[in-house]
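> Residue-level listing of the chains:
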Amino acid sequence: MRELSLHILDVVENGITAGGNCIWIEVDEARKKDQLKIVTRDNGSGMPIEKLENINDPFITSRTSRRVGLGLSLLAAATKRCDGTLRVDTRPGKGTEIEATFRYNHIDRAPLGDMAATITTLVIGNPGIDFVYSHCIDGNNFSLDTREIRTEMQNLSLSHPVVIQHLSEIIHSALKELLTGKNIS
Amino acid sequence: MMVKDLVDKFDLAVTAGESGLDREVTDGYCGDLLSEIMGNAPTGCAWMTVQGHQIIVAVAVQREIAAIIITGSQTADDDTIKKADQEGIPILLWPHSSFRLAGRLFSAGVGNPANA
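These protein sequences, in sequence, are chains A and B.
Under this note's numbering, read the first sequence as residues 1 to 185, first letter to last.
Under this note's numbering, read the second sequence as residues 186 to 301, first letter to last.
Since the hints were made in silico from the structure, they are not lab data.
One or more of the hints may lead you astray.
Said to hold, decoys possible - If you anchor each label on the Cβ, the simulated ranges turn out as follows:
#1 B:Glu209 / A:Val132: 36 to 44 angstroms
#2 A:Val132 / B:Asp196: 26 to 34 angstroms
#3 B:Val235 / A:Glu13: 16 to 24 angstroms
#4 B:Met186 / A:Ile170: 43 to 51 angstroms
#5 A:Asp89 / B:Ala198: 21 to 29 angstroms
#6 B:Asp196 / A:Gln35: 40 to 48 angstroms
Stated by the list, open to error - Short derived list, chain A residues pointing at chain B, Cβ under 7 angstroms:
#7 Ile107
#8 Asp108
#9 Pro111
Beta carbons are placed, not taken as given, at the ideal position from N, Cα and C, and that holds for glycine.
Model the full assembly from the supplied sequences, consistent with the hints where possible.
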């Protein structure tokens, strides 16, 4: 895929299909260590053992709408291409955690993409789901929890254009600050 | 053939690197996996790709690629445009697939030994 954020959308969608109602997304850009790590976690029903044993095989899928499921297989291929790793930890009834690492400066590592657009797309498309997004650049952290935002917004729904605009601005400016070495708690 | 001839002939949009429009195009190449391009793209080629991040400019400089053509209605990032302007590497846009454009270039004699 052209951007890693598209992989994030993809695996998060899996977590939601698995019945999760809260999704954790962690991005860690450790540029000095030359490592990019993306972790997603859901509290859904977990992944079938058959898929887990055949992560690289796109023909093993729980999907019924088509014969191949490409999400995890593509992510696995993307990590491998960039001297990285893919770790999947799944527990029946508890959820799934997926950790993808990449060599940050590998020539074939796709850019991360627009995280503000990714998070807001997820929020708009999944009104009943909560998202906890944290992003770390060289040890400086930013995090956002839609459960807290819901309480603050009271009457407005999370997918209201005003809220989405606000979310998008918060993320954009936070990431810009992280890049300049500021810590945002 | 020069880059600007391709622009005119195939109605490509010039999005960056205008100062390099008189570079000579002697061959063509398609691909999106940058490590593969680094290893195999011929000097002086017009390179068709869907990638838009700034590393494509570095690859083009390193391989002495004549022009980058971003295909499939994709676009170049702002950083990419800045770098391409600095380096004088033209970045052209084509709305359809790489395959469609590669066929046209080949028919026009680019990288086609029969027409050389």
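> Decide, hint by hint, whether the structure agrees.
Consistency of the hints with the structure:
The given range of 36 to 44 angstroms is broken by Glu209 of chain B and Val132 of chain A, whose C-beta atoms sit roughly 54 angstroms from each other. Between Val132 of chain A and Asp196 of chain B the Cβ separation comes to about 48 angstroms, which falls outside the hinted range of 26 to 34 angstroms. Between Val235 of chain B and Glu13 of chain A the CB atoms are about 22 angstroms apart, so this pair conforms to the stated range of 16 to 24 angstroms. Restraint check, Met186 of chain B to Ile170 of chain A: a C-beta distance of roughly 50 angstroms satisfies the suggested window 43 to 51 angstroms.
The hint said 21 to 29 angstroms for the Cβ distance between Asp89 of chain A and Ala198 of chain B, and at roughly 47 angstroms that hint is violated. The beta-carbon spacing between Asp196 of chain B and Gln35 of chain A, approximately 43 angstroms, falls within the hinted interval of 40 to 48 angstroms. A distance limit of 7 angstroms between C-beta atoms decides the matter here; for Ile107 of chain A the minimum to chain B is near 5 angstroms, and the interface restraint holds. Below 7 angstroms, beta-carbon pairs count as interface contacts, and Asp108 of chain A has one with chain B at about 5 angstroms; its hint therefore holds.
Taken as an interface hint, Pro111 of chain A checks out: its beta carbon lies about 5 angstroms from the nearest beta carbon of chain B, inside 7 angstroms.
Of the hints listed earlier, those the structure fails to meet are numbers 1, 2, 5, in rising order.
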